[in-house]
Each structure stands twice: as structure tokens, then as C-alpha cells.
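Asker: In order, the protein sequences belong to chains A and B.
With this note's numbering, the residue at position 54 of the first sequence is 54, and numbering never jumps.
With this note's numbering, the residue at position 444 of the second sequence is 444, and numbering never jumps.
Wrong hints could be hidden among the right ones.
[Said to hold, decoys possible] Mimicking DSSO-like on lysine-lysine, the simulated pairs with C-alpha atoms at most 30 Å apart in a straight line are:
1. B:K375 x B:K311
2. B:K400 x A:K20
3. B:K400 x B:K311
4. B:K375 x B:K244
5. B:K57 x B:K267
6. B:K244 x B:K311
7. B:K397 x A:K20
8. A:K20 x B:K375
9. B:K57 x B:K81
[As the list claims (entries may be wrong)] Sample of chain A residues at the chain B side, in silico, Cβ under 8 Å:
10. S16
11. Q18
12. S38
13. F41
14. A42
15. I43
16. V45
17. A46
18. L52
19. D55
[To be verified] One-sided and incomplete, this derived list gives chain A residues near chain B with beta-carbon spacing under 10 Å:
20. Q17
21. N19
22. D37
23. L39
24. D50
25. F57
26. S58
27. R78
Treat the hints as calculated values from the structure; they're not laboratory data.
Keep in mind the model is a prediction, meaning the values are calculated, not measured.
Just so it is clear, CB atoms sit at the ideal spot from N, CA and C, and this is done for glycine as well.
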Amino acid sequence: MTVRSMITTQMESVASQQNKSLAPLNDNLVLLDCGLDSLCFAILVARLEDELGYDPFSTDDDVYFPTTFGDFVAFYERAAH
Amino acid sequence: MNAPHTNIERRTACLASRISQAGGDGRWLWDGVREVSIVSALSETRLGGRRDALAGKTVLIRTRDQLSAALVLIELDSVAKRLILAPPDLDAAHLPFVIEDGGVEVIVGDIPPTDDLGVEHVPLTDPAPRLRSSVAHRRSEWVMFTSGTTGRPKMVAHSLHGLTGAIPPADPDDPPVWGTFYDVRRYGGLQMLLRALIGGGSMILSRPDESTGDFLARLGQRGVTHLSATPSHWRKALMSPAIKAVAPRYLRLSGEIADQAVLDNLKAMFPGTPVGHAYASTEAGVGFEVNDGLEGFPADFIGRPGAVAMKVQDGSLRLRSFRTASQYVGAAADLAPDLADGDGFVDTGDMVEQRGERFYFAGRRGGIINVGGLKIHPEEVEAVINRHPAVRMSLVKGRKNPITGAIVVAEVVADGSDETLRDQILSDCRAVLPAFKVPTSIRFVDQLTVTAGGKLERRIA
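Same shape as in the complex, but just chain B (with noise of 0.2 Å):
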């Protein structure tokens, strides 16, 4: 029935005759202002018909807004040769590359194009029947950004199969209504709208300009079952009385390291509901679920039969399996030509540590603060701070120093702001970390940047 070479298409429609029989297909996507019925998205043209046209072409996919942009992808997977998704916050600026790099023949979508960027646009038109097609289904590629670049956008090439590799097989009797703070336009949103899609359910969008209790009050009308955030998306969340409007039967963090202190406020917020944090990335893919509650995730995975093997060298995190990404596209490709190392494993940047039986996210290679000589990941002080009770969310950094070249400060959201919080939070410190770790001043913020990724917005100090 999944057979893992058909198109999304197909294996969105096959789910839909099977639900139909068994008592009529109601599933939807909304984002708040539209709602479009699966079945309306898979008989529809939003193309003016022209979708044959691009048989066999590069096409850019650019959008205002995530709902056009799934709908587009269903329409020409499998009729264009390569559909490179372009994110929200995809700069205009950089157009011309992202059309260089990736061979871009055609840019469809509801953004005119400023500039004459030398390709045809194909716009959006509302909705009609779509004629059957007479051209071969082909496999298209997909192409998406890597987060975190600044500069020339970064491209990585997947397939359909590696995309929905991961995703369990759909039951009907049960089918979810998928809510996610990500955007479908990026790896971590792609997933939950494949989820959706070939798992039988519907999907809760979310909007651009929307805030968090907004979106929150939006998913408990609908009645989310299952949902998916990053990290600070999660913290957030918790800050907003609104999450007391969703009751969801599991919950899911990817995109950064899951903490124990929110996988422990997720637990307290929603007792009994099942907490995973799942590791991927646009480059690696999806690599692994834990589901035990705890942080980080077990020795005993590394190694271990299965789809994705996992090895750890030079301190960081690699994965090899059919899930990741088959290549750089473009400029990206000319700087490093191949994804995988000669074993076929793709170094995720990730740095892990073990203690005991289990392996600890200790941060990015990049963001590594240094104070004097002695490496500090960010995000391991980030842990030690969160745990304290009334600490919502928490950003380190390096602060540039003439004596040590940088030391480390913190900017963390809380319930208060007094110095007795702040000594609180420095003695928790100070009894796991060592000095050079130890925040030198905490500056107590209303808030935190979350970038468009759902990503702790890390600036170098």
C-alpha cells in the first residue's frame, strides 16, 4: 500500500479511497483563513491547468504563505524533475543564486517577481478541476534550505522516499489532526505535512503574523491530537495561558536539543501524554525518536540494526541511512562535493557526550564559546539554567573580552527578576559547572528571538 517509490499524490489518494470507504474522507488543511479539503487538493489545479507544462522542469516553489505552498508541491510531485521549496524568510536578494545553484526554470507561486530574473513565472489561480495528465510520472527531487546559513542559501537534494522514511504506517480508524509551530516550507514542517498527508490525517497551519496563544487557541478549537515543535517553540508555548487550550495525545519536539527541564514541564502541563523528541536535520534527515522522557538519548542506539545506523567520531554525531539528503545542489556542491563521509555517514555538527549509558547533546561545532582555551557549548548552560523552576527560556553567549577573548553571560526569560532569582540560578550554576562555564551576569529579558525556524536565535556577541 505504501509502496515507496509512488508519488505523494498517490499515496495521499490511496489513504483517501480507503478512508472513503470506510465512512467519507474529511480531511483538511487550514491555516485559519483557508481550510482545503484533501480531496480538493488532490483533484484540483491551483495552476491553471498548466501542470503538464512543467513536466520534466526545476521549478522553484515561492509563496506567501505554507498552506499555497503544500498544495503546489502535491500538484507537480512527480510531473517536475526537481522541486526546490522556497522558505518563508528566503531573501529576494538571493534569488538569483537560488536560480543559479539549483537550475531554476520556472518560479511558480503568488510572489511577482520584482527584478527579471530571466525565468518564467507561473502564478497561482484559484482553484479548478485538473484534467487528467498525460505526461509520465517521474521521480521529482526535493529540495530544501539548511537552516542556520547566513549569506547564499545552502541547498540540500532529498526524495520522496527518504522524506517519508520515518513516518509509521497510517491508521485510519484513528487518523490525527497534526498541529505544528514549524513551517512546511522547511525540513522539520515538511515531515509533519507528510505525516499528515500519508498518515491519514489533517493538518492545523500555522500563519506568519500569528502569535503563540493566537495559534494555541486556533489548535484547541480544532481539536490538535498530535503536535510538533522545537524547543523554544515549546517554551513559549508554556508561557502562554492559551496552551491550556490544546489537550493532545502526543507531543513531539525536534530541531534542538530537548532539555530535561521542558520535557519535564511538557510532562507536568499534559500528565499521561506520550512525549517524543525526535533528531533530525535537512542535511542527516530524520535519525532517531526518544520516547522514554529522558534527555538525550541512549548508548545502546549507537550501532544498533536498522534503518539509520549512528556512529559518534571527533565528538560529533553521524548518521548513514536513506534518509538523508543525496547532495549538495549548486555553490554548495562546488564547497563540498559529497554529503557523506567515504562509509556514507553524514556528520550531523551535532556534539554529543557520553555518561554512562546514554549520550548527551553538548551543541553546535560552531557555536562553541571560548573562554581562554576552555570550550563551552551554549547550550549546556542553557540546560543548567532551565532546570530552575521559574526560568522559561534561556540564551548564552559570549561576551568579547580582552583578557579571555570571550566570556560567557546569559539572557534568560523568568517568572521575576530579582537578585534573589538571579543568585538562585548562579549557585544552581556553580554546583555543576565549572567557574569558566558559569555565566558572569544575567541579564533578565521579557523575551527571546525565535527565528522563523523555531530555532534560539543565536547572534555572536
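If we strip away everything but chain A, and leave its shape as in the complex, we get (with noise of 0.2 Å):
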């Protein structure tokens, strides 16, 4: 499974438990608009790391947050490596 299609799996799994209801996604959707919460994204965050075994967040010296679902896909692709 590619890092794009984990994260969107996850993403709908945490708004089906949340009851939220999630935005088509595509790479210029700004994750703000998305329907998740910041719980919802702690949510994934924490689902993320348990899947990927990393949290590109706590270790990318940058403190970068991404704006959009393409750059929250690039954020963790780059993680990756």
C-alpha cells in the first residue's frame, strides 16, 4: 500500500468514527476545509504513525505544517525516505 492510499484510508476511517463527513480529496484541497478536526488530526496522526512506524511531525526538524492534502501526502512521503 503507497503512503497516499494509507493516508487516505485512514482519513476516511477517522471521519466515519468521528462522524465527520470528509471532502473529496484531491492535492489542492486545503486540509482546513478538509471536515476533520484537529482531533480528527491528531487522530490520524497517531493511526499514521502506528501504520507507517513514523510521525514525520515530531521528526522533521522543520517545524512545517502542510496546507493541503498534497503537501500532507509530500510531508509524509519525504518522511518515508
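Two chains, two separate frames, one set of hints: put the complex together.
Answerer: See below:
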């Protein structure tokens, strides 16, 4: 499973568990508008850490917060290497 | 008969004579290896006759087992100036601090010192008849270690009068056999030892390496009538098939929040047996007992007349009574010279919430999980998880998170570990808790660590 598809799957799962409606995902979608609140993102990041084995937010030296879904995926993909 | 300022020996002996008049004092203390009759505990020396030499001294009692500590306490109460009771898990590396903070002059016990600590060591000896004491009795100060501190140990001072203030008068016709999962070298266990001694009873003590099942079997074997433990101990006991070996007539919980699930489970396991949960802490002493089988306590306890005054301020429970510790000892006293506030109330650090006519314990002030600025007491989430009939114990903690600072996660001991159970527990939580308090993950584990003090071990994740 690619990093992108893992992120997509987990976002859908978190949204459904938290009773949020997730906007259709595309690279230009602004994360703040995707329908998930900060608790959902917190859960998402924890799940991704469990699945992927890393958390780019705490390993990345630059304090970087991705703005769009595309940034978010790229952020995780970059950290994979 | 129970004059408050006499010593533990006299208060126990006084009862011994009443009991022997009524047909023989068969009382004992037993830890599974040694059994010591109360008569010999009162009439023999374990200090090689050096009792009088310790008059007016500050003594640290440091023993391998509980029974030895109990015997030394009985022998030295009202002889020593200050008796400091070392808990079983006292780190030897902390001894210099304890000696300095407590003003220790003599260490009594069966653990030979490995370093030169600069104080005299009095070893334990085989029992021998006690010589008549020639020293005047004094009111010894009893010093105990507070629970839940890491680093330099914190000690508080009590009087025997305060320690025994909550103990009801003895009924010599119906002597209890106390059993406890606590260690008598801590506040909770010492309460039970004192109840046994001055309440005319016997006592079954646990051993450090003993399993819950083995201890329950021993409790059953000697017919325990009064059984006391923390909710965590009880949850473990309820998981053991050996729980069926005991048939106590009184069950007691203290030391942690007793949630409705553990109270209901005990009621189901021991139908018709009174179940009381007591509020007590090393600093605040025995506060109160709740005997209506419900978690929390009635709101009218606040402001009611009696030996213990209670108030709630800034969300935490505060107690004032002669049963609270009188002061911190040593370095802890420098940091917090006054245990009590200006009105004499001791802040317990236990947070309570009023719902209707009842107060409920929310958790410890320091144990709060902060999820994006929203505060969660782990205990309130555990109480919900524990309501599921398949759940035995749970531990809720914070997991570090880059988005919200922390998120709530749970570890659960349950009968089963499948996805259905996980979903049921989570849906129970979602039904009553706001989203940020619902565990974001549940991990099924075989067991949870209970500290030597009988409390669920809470580590910061």
C-alpha cells in the first residue's frame, strides 16, 4: 500500500468514526476545509505513526505544517526516505 | 478503655485481658511463614532487650517483611521519640536523604546496611521475654512515607491518636480476622493492622512474592472476615478463581477511586456482604466511609458535623480533622511548611465533581491529560470502560501528539480481545463522553501493573 493510499484510507476511517463528512480528496484541497477537526488530525497522525512506523511531525527538524492534502501526502512521503 | 493517648501496646493489651477473661486470647498475626500470637507480640522482645536503649530516639524501621515491622512498632511505640516506617520499596540509595530529613539516629531491622550511613544499626533477634521497662512512656511520633512520589522520598508525621481516630470500638465477642492486600508499612495497611490490634482481631499479612491467587487461598484457609484492598487489588482478585476461597463478612476498598463497576462486581461476587469504600490518604488521614454501595459520596457529607470537616475548593476535596498528618518531615517541610491551609484544611489533590446530590471523584490533580487545552482525568474514562461486563481493569493515559499535545489511549484487560469487544467499549465511551475523552486506541493487554502500594501504575506515556 502506498503512503498516499494509506493516508486516504485512514482519513476516511477517522472521519467515519468521528461522524465527520470528508470532502473529496484532491491535492489542492485545503486541510482545514476537508471536514476533519484537530482531534481527527491528532488521531490520524497517531494512526499513521502506528501503520507507517514514523511521525514526520516529531522527526522533521523544520516545524512545517502542510496546508493542502497534497502537501500532507508529500510530507509523509518525504519522511519515508 | 480506649483512652486516646495510651500506646498501641496498652491498647492492645487492655483488650487482651478483656478477651482472656472472656475465654482465652487466641489472636495472632500470620504471614504464611510465621505466626506470632498477640500475647507474645506484647510480651517478647525482638530487639535483644535493647528497647529501653532506644528511648527518646528517632528510629527508622526497615525490615524485609511486614510482620517484623509490625512487631518492632508494637515494641517501640511510646518508647522511641519518632518511629519512621520504611516502605518495602524504599530505595537504598535514598537512605541518606531519609536519615537527614527524618533525623534518624538508629536503624532497626533485618536488612544489614551496605554503606556506612553514620547511624547505629540494631538488628532483629530471636524472640526473648521482654524485661520490665524502666523508661517513662512518651507519645511517639509515627512517620510514614507518602505514596506516589518519585525522587527524594516525602514523609509526614502522625500521632497514634490521629491514626486510630477512625477505628470503631472493638467487639470482643466477635473478633475480626483482618486480611489486606496492603502492606502495613504504608498508611492503608497500617490502618488495617491497627484495626486488627486494637479491634481485638487477628490479621493475615501478604508476602511480597505471593501471587493474588495464593494469598486469596491463604485468606480463605484462615477464615478472613474483614478484607481490605485497593480497587486495583480487588479487580485482580476478581479475576482469580481463588476468590471463591474467601467468604468475608465485610469488604473494604480504599486508596484509589472505587468506581461503580468494581462495587457492583463485588456485590455480585459476595451477595449480601457489606461493601464499604473509604477515603483516606497518607497526608489527610482517614476521611470518611461510604457504605451505600454507590460510587462517590453524598453531597451532604460536605459541611456535616463530625470529626472530619470537608470542603471543596478549586475543584479539589479538602479535609480537616485530628486524623490528618501534623506536618511534613525534613526537605518536604522546607518546600511546603504547612500541610494545611490557614483554616486547617489539607488539600487532598483529589478532584471532585458534583452531579445532583452526590460528589464523584474525577481523578488526581496532577494526572490530567491535556488534549488541545481540554482536560481529561484518566479515571473518568476508566470508569466508563470498566462498566463493560467483559472488562476487568483498564488504564487510560495520554499519548504524545504533535497536533493536540496529547491524545487519550487505553490499555484494557478483558475476557476476550476481538474487534467486536473493542467496538462495544468505544461505543460505550462515545455514548457518554465527549469526543476528545474517548480513547483513540484500545490495546488489549494480559495484565496491568499494580504498584507495591496497590495502585494502578500510571506512567506518563
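Asker: Hint by hint, note whether the structure agrees.
Answerer: Cross-check of the supplied hints:
1. B:K375 x B:K311: Within the cut-off at roughly 23 Å; holds.
2. B:K400 x A:K20: 23 Å, holds
3. B:K400 x B:K311: The given pair, whose Cα atoms are some 35 Å apart, is violated under the 30 Å limit.
4. B:K375 x B:K244: Judged against 30 Å, a Cα distance of about 40 Å means the pair is violated.
5. B:K57 x B:K267: Judged against 30 Å, a Cα distance of about 47 Å means the pair is violated.
6. B:K244 x B:K311: 40 Å, violated
7. B:K397 x A:K20: With a Cα-Cα distance of about 25 Å, the restraint between B:K397 and A:K20 holds, given a limit of 30 Å.
8. A:K20 x B:K375: 23 Å, holds
9. B:K57 x B:K81: The hint holds at about 5 Å.
10. S16: Given a least distance of 13 Å, the restraint on A:S16 is violated.
11. Q18: 6 Å, holds
12. S38: At 6 Å from the nearest chain B Cβ, A:S38 passes the 8 Å test, so the hint holds.
13. F41: Result: holds, 5 Å to nearest chain B Cβ.
14. A42: A:A42 check passes; min Cβ-Cβ to chain B is 4 Å, inside 8 Å.
15. I43: Holds: closest Cβ of chain B sits about 5 Å from A:I43, inside 8 Å.
16. V45: Holds: closest Cβ of chain B sits about 6 Å from A:V45, inside 8 Å.
17. A46: 6 Å, holds
18. L52: Where the cut-off is 8 Å and the nearest Cβ of chain B is about 14 Å from A:L52, the hint is violated.
19. D55: Status holds, d = 7 Å.
20. Q17: For A:Q17, the interface hint holds, since the closest Cβ of chain B sits about 8 Å away, which is under 10 Å.
21. N19: 9 Å, holds
22. D37: Result: holds, 9 Å to nearest chain B Cβ.
23. L39: Result: holds, 5 Å to nearest chain B Cβ.
24. D50: 8 Å, holds
25. F57: Because about 3 Å separates A:F57 from the closest Cβ in chain B, which is inside the 10 Å limit, the hint holds.
26. S58: 5 Å, holds
27. R78: 16 Å, violated
Of the numbered hints given earlier, the model fails hints 3, 4, 5, 6, 10, 18, 27; all others are met.
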